[in-house]
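Colleague: Keeping their order, the protein sequence lines are chains F and U.
Taking this note's numbering, I'd label the letters of the first sequence as residues 1 to 376.
Taking this note's numbering, I'd label the letters of the second sequence as residues 1 to 270.
The set of hints was computed from the structure by calculation and includes no laboratory data.
All values derive from a computational prediction rather than experimental measurement.
Each hint should be verified, as a subset may be incorrect.
Unchecked claim - Here chain U is said to cover these stretches of chain F; the calculated rule only asks that three of the stretch's residues, wherever they fall, bring their Cβ under 8 Å from a Cβ of chain U:
| # | segment |
| --- | --- |
| 1 | 134 to 145 |
| 2 | 164 to 175 |
| 3 | 211 to 221 |
| 4 | 246 to 252 |
| 5 | 307 to 313 |
| 6 | 328 to 339 |
As the list claims (entries may be wrong) - Short derived list, chain F residues pointing at chain U, Cβ under 10 Å:
| # | residue |
| --- | --- |
| 7 | 273 |
| 8 | 274 |
| 9 | 283 |
| 10 | 284 |
| 11 | 286 |
| 12 | 287 |
| 13 | 342 |
| 14 | 346 |
The beta-carbon is built from N, C-alpha and C at its ideal position, and this holds for glycine as well.
Spelled out from the first residue to the last, the chains are:
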Amino acid sequence: MMIHNIMLVEGNRLMLEQLSNVIKNTQGVDLVARFREASEALGQGIVFMPNIILLDADNSNIINLLTEFRRVFPTASIICTGEKWNAESSNLCINAGAKCFLVKPFSSEELRDAIMSFSTSFADARSNVLTFFSPKGKSGKTTLIANLAMSLARRSGGSVGIIDADLQFGDMAFFFNLKPQSTIVEAARDKDFLSPVSLNSYFVPVAKNVSILCGTKEPSLIDKVGIPAFEALVKMARTMFNYLLIDVPAGFNPTSIAAAEMSDTTYIVAMLNGGYEVQHIQRALEIFKSWPNYQSRVKTILTRVEPCNITSKQQMEEVIGYPVEGIIPNAFLKVSAAADDGHMALDLDPDSTFAQRVNFLAKKIMNYKQDDSDDF
Amino acid sequence: MNDEQINGAIITFFSTSSAVGKTLISINMASELARQGYSVCLADFDLQFGDVKNYLHLHAEHSITTLCDIIKTNGQHPLTPLLSTYSYGHVSFQVVPAPAKLEEAYNLEPETIIEVVRRLRCQYDYIIVDTTSMFSVLNLALLDISTIVTFLGIVDFIPTIKNMKIGNDTLRTLNYDANKIRLVLNRSDAKTRIDLQDVVRILGENFYHILPNDYESARQSIATGVPLVLSGHDSALARELRNLVGRYTNKGYMEDTPTKSSSWLTKIFN
Numbered sequence: 001m002m003i004h005n006i007m008l009v010e011g012n013r014l015m016l017e018q019l020s021n022v023i024k025n026t027q028g029v030d031l032v033a034r035f036r037e038a039s040e041a042l043g044q045g046i047v048f049m050p051n052i053i054l055l056d057a058d059n060s061n062i063i064n065l066l067t068e069f070r071r072v073f074p075t076a077s078i079i080c081t082g083e084k085w086n087a088e089s090s091n092l093c094i095n096a097g098a099k100c101f102l103v104k105p106f107s108s109e110e111l112r113d114a115i116m117s118f119s120t121s122f123a124d125a126r127s128n129v130l131t132f133f134s135p136k137g138k139s140g141k142t143t144l145i146a147n148l149a150m151s152l153a154r155r156s157g158g159s160v161g162i163i164d165a166d167l168q169f170g171d172m173a174f175f176f177n178l179k180p181q182s183t184i185v186e187a188a189r190d191k192d193f194l195s196p197v198s199l200n201s202y203f204v205p206v207a208k209n210v211s212i213l214c215g216t217k218e219p220s221l222i223d224k225v226g227i228p229a230f231e232a233l234v235k236m237a238r239t240m241f242n243y244l245l246i247d248v249p250a251g252f253n254p255t256s257i258a259a260a261e262m263s264d265t266t267y268i269v270a271m272l273n274g275g276y277e278v279q280h281i282q283r284a285l286e287i288f289k290s291w292p293n294y295q296s297r298v299k300t301i302l303t304r305v306e307p308c309n310i311t312s313k314q315q316m317e318e319v320i321g322y323p324v325e326g327i328i329p330n331a332f333l334k335v336s337a338a339a340d341d342g343h344m345a346l347d348l349d350p351d352s353t354f355a356q357r358v359n360f361l362a363k364k365i366m367n368y369k370q371d372d373s374d375d376f
Numbered sequence: 001m002n003d004e005q006i007n008g009a010i011i012t013f014f015s016t017s018s019a020v021g022k023t024l025i026s027i028n029m030a031s032e033l034a035r036q037g038y039s040v041c042l043a044d045f046d047l048q049f050g051d052v053k054n055y056l057h058l059h060a061e062h063s064i065t066t067l068c069d070i071i072k073t074n075g076q077h078p079l080t081p082l083l084s085t086y087s088y089g090h091v092s093f094q095v096v097p098a099p100a101k102l103e104e105a106y107n108l109e110p111e112t113i114i115e116v117v118r119r120l121r122c123q124y125d126y127i128i129v130d131t132t133s134m135f136s137v138l139n140l141a142l143l144d145i146s147t148i149v150t151f152l153g154i155v156d157f158i159p160t161i162k163n164m165k166i167g168n169d170t171l172r173t174l175n176y177d178a179n180k181i182r183l184v185l186n187r188s189d190a191k192t193r194i195d196l197q198d199v200v201r202i203l204g205e206n207f208y209h210i211l212p213n214d215y216e217s218a219r220q221s222i223a224t225g226v227p228l229v230l231s232g233h234d235s236a237l238a239r240e241l242r243n244l245v246g247r248y249t250n251k252g253y254m255e256d257t258p259t260k261s262s263s264w265l266t267k268i269f270n
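One chain only, chain U, in its complex shape:
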């Protein structure tokens, strides 16, 4: 891996259970980074049922399918004109939406998608990536290429925690730098009977950051299509989202995170 190629930081949101808030949080991270003046591209790689476009009420002309087609037919063609722009007030960032048609999603090749990300990272300060909740070939390649992986969890009941534990252990076997994987807890459903300390004990690791429960704000944000950090309403969740972004933009954390070309799991899955 050539270090000089790495320009923008790739921040991937990953989880082992669905509906933990990956999309909502990645949208807010993209928004907050853009608000601070960074150039940001948000990519929806839940290819089949991605919700980024829905949550932002975005009408996009192109999707990742177009980008992959371009890369395969004409490697030199610039990608940026094919991205969709989300703007709210003075803040704007670019979006790579999931395919419009489900059958397109099924036919995209992981290598081509990774090539798109490689190309985009040369043009943006931050690439924010939303994923699906499984160790697929695409997701493993995305984890490899990412600067930071935000492993997002919720505490609702024990099966979710079991999957979080399995997922975290599996991530650790990929031998990334400890600093690359960051465990973030989203208290999206506070109606739980489980003690946080027990979860920490099971995982054998502390959470890097904890987001407060604020179901109503989250629900409203999805309904209106306006990210929490941009809506102007002060809420505990918006505050903690900003704090999380603040910790991520500390460039001291971002240095020296070599990406590995392949891992045992990637090999197994191939």
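With the rest of the complex left out, here is chain F:
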């Protein structure tokens, strides 16, 4: 692994100490030099051979400084730091040659993520992108995604991101009782000057290692999120998380198709309601079969399966004519009770069938080998 030699340029004495400590505690990086004055860094820094420069951007002269630093340190990557994130200054810095913009004080993890985002050698390989598609809506997938995200984060210790791309009636923010400052609309608007690190500030953390890019606040905002912008966001987000879960609008539409195309796995999620759900799954599968490797890329999950046991699963596989990846029991009462109180039905009794089935799916996504007796 490449060692990152960091030169820190920070005008504020206390912040300089604070950031130095963070850098010293970050694995894989070395603090090789630090300066309070940019002019000193420009004059003396080169002897320390930094390959990453953290540059204080709360400076009216930052654009000229960036030009100077790039001239003196042509091989180093420059990360601008500022007390407050705002789209305009971030945009200016990135246009002037900075790799990204970090809000300070940052944590070790944020710093590592920032560095990782532009040393792409190991960024993309680690992410697993999962799209949750439902033919007709009312599939129970919002609840499934949220619980799966929590389970994945807890079990893998990795980071999980959720993108609520159900652009007209996304419920993720509501389920988590969030009033987000920024949503997918703002992220799409700002995409041209976002880096994975700055995009991170658009995600709202909801639990340890789980954060959400919320959906639009009203249906008419849908046209603010174009498909190219959406694709750019997914590409960026996949370098930020170990697992990226995407909720898409029901049916085949530009958004759901784009998400599915970019995903490692697309789950067709449907709720058994005594209607024609099986036919809808089959119709959707017919479309996905145009992918040569659809058998490994497209999986089905059924919700509200009662009784939720291996016999039901096998029966459904026979009826649908396609393997069923997972089954989830009816959790309507618990989910609605929690939602009505303004929170998500998470951490349901760990011994409940619901929790067991969600955990089983999480382990499958993590490629755990699971006990045969548990394998349905």
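Fit chain U to the supplied structure of chain F, relying on the hints for placement.
Modeller: Just chain U, lined up with the frame of chain F:
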């Protein structure tokens, strides 16, 4: 818009959550209107996953795809021979099913579908339209051309009500006559912890009509393919469905509902 063109009334069922009963109720409305002797055409414009054909156990030769093809190639060709007929006893009405193949659905143009509706309205007393739960280009055009929009909601849990509220507010921004949009509550799932009065308060509006919870009758109707109002079994749901139709056939309500050629939302979506 030329007023003399308007013959039949177009009644569109719309919602902002799926599985609220749009298909079941539109089928029953079509059946009851037909039973009363009106000429009725029921159009399934949930193009990808429409269930009208399924719920009626209908084997249709043609679909909206054929109608659109005809309109584009030969504008004069009559459309009625291409519709499917549903009959039960002495009652019958025409159906425009959703496309047989999903990829057809993806390629249909909203303008052509609207043209089909314009043509059909000259031949039927009532056109009943089933839709998907989103503000798509097609749905916005259908809302524009409709005489009455039945905005259907259920009360199961708060996210659904949030979406109902957003949907209702969005509908109001389209500036239709207040009388054109009718809020109907389907108590399809009575297992709810939410008080009806709270919902009314949140929506800022009373329900025009409330349908009782009768899951078992609804389930049976879907299983047998016979609409509730035709099956002969008396149930509270069938009664209230008939009452709803009774209120809709009051011609006093139907007059003077000009359709708008476009709206801000349509423009945004285009």
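Colleague: Taking the hints in turn, state whether each one holds.
Modeller: Quick rundown of the hints versus the structure:
Chain U is given as covering the segment 134 to 145 of chain F, and this holds because 5 residues of the stretch bring a CB closer than 8 Å to a CB of that chain, at least three being needed. Counting residues of the segment 164 to 175 of chain F whose beta carbon lies closer than 8 Å to any beta carbon of chain U gives 5, which reaches the threshold of three, so the coverage claim holds. Beta-carbon proximity to chain U at under 8 Å applies to 3 residues in the segment 211 to 221 of chain F; the threshold of 3 is reached and the given coverage holds. Residues of the segment 246 to 252 of chain F with a Cβ under 8 Å from some Cβ of chain U number 4, which satisfies the need for three, so the listed coverage holds.
Given as covered by chain U, the segment 307 to 313 of chain F fails the check, having 0 residues with a CB less than 8 Å from a CB of that chain where 3 are the minimum. Counting residues of the segment 328 to 339 of chain F whose C-beta sits closer than 8 Å to any C-beta of chain U gives 6, which meets the bar of three, so the coverage hint holds. A distance limit of 10 Å between C-beta atoms decides the matter here; for residue 273 of chain F the minimum to chain U is near 6 Å, and the interface restraint holds. For residue 274 of chain F, the interface hint holds, since its Cβ comes within 10 Å of a Cβ in chain U; the closest pair sits about 6 Å apart.
Taking 10 Å as the C-beta contact cut-off toward chain U, the hint placing residue 283 of chain F at the interface holds, the least distance being around 5 Å. Nearest Cβ of chain U to the Cβ of residue 284 of chain F: about 7 Å, under the 10 Å cut. The hint holds. A least Cβ separation of about 7 Å between residue 286 of chain F and chain U falls short of the 10 Å threshold, and the interface hint therefore holds. Nearest Cβ of chain U to the Cβ of residue 287 of chain F: about 6 Å, under the 10 Å cut. The hint holds.
With a least beta-carbon distance of about 8 Å to chain U, the hint placing residue 342 of chain F at the interface is held under the 10 Å criterion. Interface restraint check for residue 346 of chain F: the shortest CB-CB distance to chain U comes to about 15 Å, outside 10 Å, so the restraint is violated.
In terms of the numbered hints stated before, the structure departs from hints 5, 14, listed from lowest to highest.
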